Structure formats: C-alpha cells, structure tokens
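Novice: Generate coordinates for the entire structure from the input sequences, incorporating the hints supplied.
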Amino acid sequence: MADDSTIEGRGPVTTLATPIRLDFDFTPGIAQSVFLRGLARGRFMGQRCPKCGKVYVPSRGSCPTDGVPTTEDVELANVGTVTTYCVVNVPFAGQSIEIPYICAQVLLDGANLSFMGLIQEIPTDEIRMGMRVEAVWVDEADLTPSLASVKYFRPSSEPDADYESYKEYL
Amino acid sequence: MAEHEALHASHVLEYPYSRSVGPVIGAFLTGLREGRLTGVRGAGGSVIVPPTEYDPTTGEDTGELVEVGPGGVVETWAWVEQPLPKQPLDHPFAWALIRLDGADTALLHVVDAGDPGSIATGDRVTVRFRPEADRVGSMADIEAFVPEGSA
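Those protein sequence lines, which keep their order, are chains A and B. Just so we're aligned, residue 1 is where the first sequence starts under the numbering used here, counting upward by one. Just so we're aligned, residue 1001 is where the second sequence starts under the numbering used here, counting upward by one.
Just so you know, these hints were derived from the structure itself, not from any lab. Values in this document were obtained by computation on a predicted structure and should not be read as measured data. Idealized CB from N, CA, C, for every residue including glycine. Wrong hints could be hidden among the right ones.
[To be verified] Label pairs and their in silico Cβ distance ranges:
| no. | chain 1 | residue 1 | chain 2 | residue 2 | range |
| --- | --- | --- | --- | --- | --- |
| 1 | A | T15 | B | H1008 | 36 to 42 Å |
| 2 | B | V1136 | A | D160 | 53 to 59 Å |
| 3 | B | S1138 | A | A93 | 18 to 24 Å |
| 4 | A | S62 | B | V1136 | 48 to 54 Å |
| 5 | B | P1023 | A | R60 | 50 to 56 Å |
| 6 | B | Y1054 | A | R60 | 47 to 53 Å |
[Claimed, not checked] Beyond 10 Å from chain A on every Cβ pair, some chain B residues (computed):
| no. | residue |
| --- | --- |
| 7 | E1005 |
| 8 | A1006 |
| 9 | R1041 |
| 10 | A1043 |
| 11 | G1044 |
| 12 | V1073 |
| 13 | T1076 |
| 14 | L1089 |
| 15 | H1091 |
| 16 | A1120 |
| 17 | D1134 |
| 18 | P1147 |
| 19 | G1149 |
Specialist: Next comes the structure, spelled out in structure tokens:
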C-alpha cells in the first residue's frame, strides 16, 4: 500500500484535477446579432416572417413554419406576459442567483415567441401564469450585446393577461 | 460595424473535473509529489510503471510498490518542433516512452533534449522534478526527463 509519509503534513494524493477546456470563437449569426445589438441599446429586437407575419425574438434568421428568411427587424415592447414558470429551490454548482427564484417564459408584447427570463421583486408564491412583467435593465454604462444586459423582469402594475391571449405560446 | 453583420466573441467552455485516483495511482502521485518514482510488482515479478491496480496480462491484483528510476532508457520518441500552448514545455521537446531503471514497462513523458539531434532510441535519461514547493501530486510534477549527464 501507499507510503503515508508526506511532506508538509499533506496526506496521500486521492484526487487529480482533470479540467477540460475548449476555446471557441463564437458567432451568433446575423439575425441573433441584431437581437444582441438591441440588448446593447436596452431594446428587444426581433424579426418578422414576411409570409405568416409572426415575430420571433430572438430570431434565428428564418421562419421555422414557412422556411423563408426573416428580413424585417422589429423592435418589441419592454413589457410582456408570463406564459409559464418554474420556481427553483434546488441549489446546484455554479448557481449565481439566491434560491428560491423564479424562471419564467416571457412573451413580449408584439412577439410570437416567448423566451426565458428571471423574475424578481415578487415573492415566489405569488408568481402566476398571465402575470404582466417588465424588463429591468442594467445601468446604461453597463449595457453589452448580451442577455446579461437584462437584470430581470418584475411585475408591472397592469392586470393579468387573459389566458386566451397567450394560450398558443405554452 | 454595420447592423447586419454577425458579431463574434470568444467563448470558453470548461468543466472542472476532478477524479478519484484510487490507492495505487494515488501512491504513485504521492511519490511524485515527494520526488520519487514508483512502480508496482505484477504477476511473474515484472514491475509496471506507472503502476496499475490489476496486472494487465492476468487481471490479478498487483503487489508491492517498488521504487524505480530516477534514470531510464528512451525506447522510442517523437519530436515536437512547435509546442502547442498547453503542452508541458514552451520550447521544442520530445515525447518519449521511457523505461525507468527497475521497470519492465515504459512511461510516456517529455524529454527536454534541446534539439532532435540530441536524442536517440537507447539513450539514457534522468528525471527532472519541479521544485518541491510546486509539486501537487500530478504527472506534471515531473518537469521533464533530460539526457543523463546534462542534469
């Protein structure tokens, strides 16, 4: 068995750090670059399908239904509707937000696609489907072409949206 | 930049794995940290370096730990003219299979030979450890092997 005599009182070696690291040069593509540049200005930018008229945010550059390029840029509202949500109570490695917190799908006004957002400034047991929320942005000097520019969403003072208005987006 | 040009950014994906090494490789790594090279006795009395928990030919448990080296013989080698950023040395070196004195198998490591004319199969080399304070229990505790007599 192992010789347990060690230098500086350190015990026998039992583990080995074997990190795996990959360095990428990432490009989000042209359509998502529009979205990301919007974030750097404190705006949500989407794109509209010329055929069905749906507005995607963030846009991938084409309409998944019609298979045509989405070339028209559309600026969306700063407010939207919670279509569905999840309250996170479980800690995990690398967690940066204090638990419990709310992770929600937010359908921005004018958009036909929801995206995930953090909901704050509300007790976790008061979140509900249909709740109207508004984006809170970082200070203007800290805006970057990244979703980190959106600090979180918080309840707006409007009444809840009708189920009919977002039932297609669940 | 025009509004309809794609952005670029560097992106690093890193998984900070750590693995459990077990009693035999653990003893080998502990030995490296202490500046010793260790093998293990396998079936038929052969000495395996780096040590394994099981004999690779019979599958039986291996036996006692045996100190080997610090010198050895280059069995084969390949020259690296332009080292990559994460390779062990930042100047040209040889990857080599080194059969340490007292061992029956070869260990893969680096020979800091200077130039490819200064290394040949059958050459004697000896270990160069990192300074004791820098050793952590890893293969990198061996900085390199060097031609015997040049250390």
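Novice: If we take the beta carbon of G1044/B, is the closest beta carbon in chain A still more than 10 Å away?
Specialist: holds (21 Å)
Novice: Quick one: work out the minimum CB distance from G1149/B to chain A and report holds if it exceeds 10 Å, violated otherwise.
Specialist: holds (28 Å)
Novice: Hey, does P1147/B actually stay past 10 Å from chain A on C-beta?
Specialist: Non-interface label stands for P1147/B: nearest chain A Cβ at 28 Å, farther than 10 Å.
Novice: Just want to verify: E1005/B was marked as not at the interface with chain A; is every Cβ pair farther apart than 10 Å?
Specialist: The claim breaks: E1005/B does not keep its Cβ more than 10 Å from every Cβ of chain A (closest is about 7 Å).
Novice: Just checking, A1043/B versus chain A, shortest CB gap more than 10 Å?
Specialist: For A1043/B, whose nearest Cβ neighbour in chain A is about 18 Å away, the distance exceeds 10 Å, so it holds.
Novice: Quick check on a hinted range of 18 to 24 Å for S1138/B and A93/A, using CB atoms only.
Specialist: Check passed, 23 Å falls within 18 to 24 Å.
Novice: Check the non-interface label on D1134/B: least C-beta distance to chain A beyond 10 Å or not.
Specialist: holds (12 Å)
Novice: Y1054/B and R60/A, beta-carbon distance inside 47 to 53 Å?
Specialist: Between Y1054/B and R60/A, where Cβ atoms are some 51 Å apart, the hint holds.
Novice: Just to be sure I understand the hint, the distance between the Cβ atoms of V1136/B and D160/A should be within 53 to 59 Å; is that true here?
Specialist: holds (57 Å)
Novice: Is R1041/B truly not at the interface, in the sense that its beta carbon sits beyond 10 Å from all beta carbons of chain A?
Specialist: The assertion about R1041/B holds, with a minimum of 13 Å to chain A.
Novice: Per the stated criterion, does the least C-beta distance between V1073/B and chain A lie above 10 Å, as a non-interface residue requires?
Specialist: Consistent with the label, V1073/B stays out of reach of chain A, its closest Cβ about 26 Å off (over 10 Å).
Novice: Would the non-interface assignment of H1091/B survive a Cβ cutoff of 10 Å against chain A?
Specialist: holds (22 Å)
Comparing the model with each earlier hint shows violations of hints 7 and 8; every other hint is respected.
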